[in-house]
Amino acid sequence: MLKFHQTLNRSMFVKLSQWMAYLLAFGIPWSNAFFHWGLYLMLIFYVISFDFLKEWRRLAQSSLVILSLVLFSFMIFKTVFTEAAFNYAWFDFKHYLKLLGIIPLVLIFKNLKECKYLFISLLAGIAVMMLPTLLDGFGIHHFIKLSDYIRPSAAYGPGDLTYWRMHIQHGFHVVILFSALMLAALYYPKYRIWFLLGALMCMFDILFFIDARMALLSLIIASGFIWVFYMKSIKFFLALILLPSLVLGSIFMSVNSIDERISSIYAESQLYFVKQNKDTSGGNRLHFWKKSLEQFTKAPIFGNGSGSFKHDMIKHHDPILTPDSPYSHAHNEYLTQLSHYGLCGALLFLSMILLALKQSIQIKDPWFSKAMFLSTVIFAMNAITDSSLHNPWEGWTFILILSLISITSKIKGADTTSSR
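Using the working numbering, you'd call the opening residue of the sequence shown number 280 and step up by one each time.
Treat the hints as calculated values from the structure; they're not laboratory data. Wrong hints could be hidden among the right ones.
[As the list claims (entries may be wrong)] Computed cross-link-like contacts, BS3-like style, restricted to lysine-lysine with a CA-CA straight-line distance of at most 25 Å:
id, residue 1, residue 2
1, K691, K395
2, K389, K333
3, K333, K373
4, K373, K395
Generate the whole structure from the sequences, applying the supplied hints.
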C-alpha cells in the first residue's frame, strides 16, 4: 500500500510538471510571467517527483540532447577562456543557459500525445500574441481599450504579464502557426475550414499588420515546402497554393507597404556598400556581419570567447556599439557562433539544426512530423538575420522544438487520428 501511495504521488507530480510545461510553452511567444512561472514550477514539481532517478538514462539515448550539452560545455570553456571582460562574457553565456532546458523536457514528456499538447500550447500562445495586432489591424481597437490590458512596449522584465513583440520575433512565431494550421487543414479535413481561416489570419498579420521582412520570406518558403509535400495532388496545389499565390501577387503589386518592405532590402544594402551608411536596419546588420567575420579570422577554430563581439567593437570605438548598447551579438546566429566559438561552436550549432531536420522526418505522425520540420526550417532561416538561439524567445522555441523532435522521433507507430 505504501509503495502504491508513493507511486501515485510520484506520477501526480510528473503530471503537474507537464501542466507547468504547457504553461511555459503558452507563455513563450507573449508572456514573461506565464513563461517564468511555468519554467520554475515545472522544475520544482519534477524534482519533487524524483522521476529523473529512473529516467535519466533516456538522455544518453538522445543525440540532440548530447549535441546540446556538448555545445553548452564548449561555451562554458570559452566563457572561462575569453578575451572579453567578465560582464560581457557572462551576459552572452547566460543567454545560452536555455540549452539545458532540453533536459527536463525530454525527461518529462514520454509519448506523442503529450508532445502534441505541448506544441499546441505554443501555438495557442502565438494566437494570443497575435490578437492585439489583429484587433489593431482590423480597426477593432477603437472599441476596445487595449492599453488597459497590454503594455505598448517591448518589455522583457520577468514581471510583465504581456507585451508587444518585436517584429522579427512576432513574425517568426506567426509563420510557425501558419505552417501548423496549413498542415492541419490537409491532415484533419473535418476542421479544414477553421484551420484555413486561422492560416488566413496569420497571412494578414504578416503581410499587412507587421513590418517584418524575414517573416515575409519565411512565409513564402514555408508555403513552398507545403507545396513540395503535396505536389502530387493537383487539386490541393490549385486550392491551397496557386490561387492564393495569384491573389497575393496582385496584392503585392498594389500595396505600397509590402512593396516598400521588399525594396528596402536592396536600398539599405546599397546605402551601406556605396555610402557606408550604418544607420538603417539592413546597414546595421551588414556592419555587424562584417565585423563578426573579421573577428572570426582572428581565432577561426575555437573562437574568441563569450562576449568577445561586443568587447572587440567597444575596444575599437565602433560608433554603433556603446557600453550601454543592448546589442552583444552579430544579428546572425551562425556568425555569432563563429566569432564567439569558432568553427567548433558553429558546426555543433549547425549539426543540431541538420539532425533536427533529419529526425523530424522519422516522426510517425504525419502532421506533427512536417510541423516540426517546418518549425526547424523557419528557425534556421531567422537565424540568418537574428542571433536566434541567443534571443530569449526564438531560442526557447527552438529548444522546445528540439525536445519534441528528440522524444517523438523514437516513438514507434503512427497517430491513427491523423488522416488526409
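Open item on the list: Hint compliance check: list the failing hint numbers for this structure, sorted ascending.
Closed with: The structure conflicts with hints 3 and 4, although it agrees with all the remaining ones.
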